[in-house]
Amino acid sequence: MFEHRDAPEAGTQIPAGGARTGELLTEAARREVAEETGAEVEPGTALAVRQSPHPHTGEPRVTVFFHARTSAVRDAWVHEAVSGDGDDGMAFRCHFIPLVRAADLLADDQGECLHLLEGVL
1 MFEHRDAPEA GTQIPAGGAR TGELLTEAAR REVAEETGAE VEPGTALAVR
51 QSPHPHTGEP RVTVFFHART SAVRDAWVHE AVSGDGDDGM AFRCHFIPLV
101 RAADLLADDQ GECLHLLEGV L
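FYI, full-length UniProt numbering numbers position 67 of the sequence shown as 67, with every residue one higher than the one before it.
Treat the hints with caution; some may be incorrect.
Unchecked claim - Derived CB-CB ranges, DEER-like:
hint: 1; residue 1: Ala16; residue 2: Glu80; range: 14 to 22 Å
hint: 2; residue 1: Val82; residue 2: His115; range: 18 to 26 Å
hint: 3; residue 1: Ala46; residue 2: Ile97; range: 19 to 27 Å
hint: 4; residue 1: Arg101; residue 2: Arg20; range: 27 to 35 Å
hint: 5; residue 1: Gly11; residue 2: Pro98; range: 12 to 20 Å
hint: 6; residue 1: Gly22; residue 2: Arg50; range: 32 to 40 Å
hint: 7; residue 1: Pro98; residue 2: Arg20; range: 19 to 27 Å
Don't read these hints as lab results, they were simulated from the structure. Glycine included, every Cβ here is placed at the ideal spot set by N, Cα and C.
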């Protein structure tokens, strides 16, 4: 999970974002995690699909929650985004925490599907 270092009002989040035209959802998940955390992951099972309005624009959106594995062993780090998508230079404070604490911390209802990881981890 991460916080935007220069925009704390965005809250604590897990990597998320949109798929580009023609991009597989697993590729989009891998790219978004790398852009926002610098970590390389291997997306696995799609755990859930959620339809909801975007919290800022109200536009409809579909969110797919993936279980992903990483070999990253750092407890905490700061990652500066280099994506070419307008996030360049944004700093993300990244860290891992126990799953049981994560759901209550995440913004935009991102934690609502974390219970699905209990049988996977």
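Outcome of the hint check:
In this structure the hint that Ala16 and Glu80 lie 14 to 22 Å apart at CB holds, the actual value being about 18 Å. Distance hint for Val82 and His115: a CB-CB separation of about 34 Å, inconsistent with the stated range 18 to 26 Å. The hint said 19 to 27 Å for the Cβ distance between Ala46 and Ile97, and at roughly 23 Å that hint holds. Between Arg101 and Arg20 the beta carbons are some 33 Å apart, a value that agrees with the proposed interval 27 to 35 Å.
As the Cβ distance of Gly11 to Pro98 is approximately 19 Å, the hint placing it in 12 to 20 Å holds. A hinted range of 32 to 40 Å is violated for the C-beta pair Gly22 and Arg50, which are about 23 Å apart. In this structure the supplied range 19 to 27 Å is violated for Pro98 paired with Arg20, their Cβ-Cβ distance being about 33 Å.
Consistency note: the structure conflicts with the earlier hints numbered 2, 6, 7.
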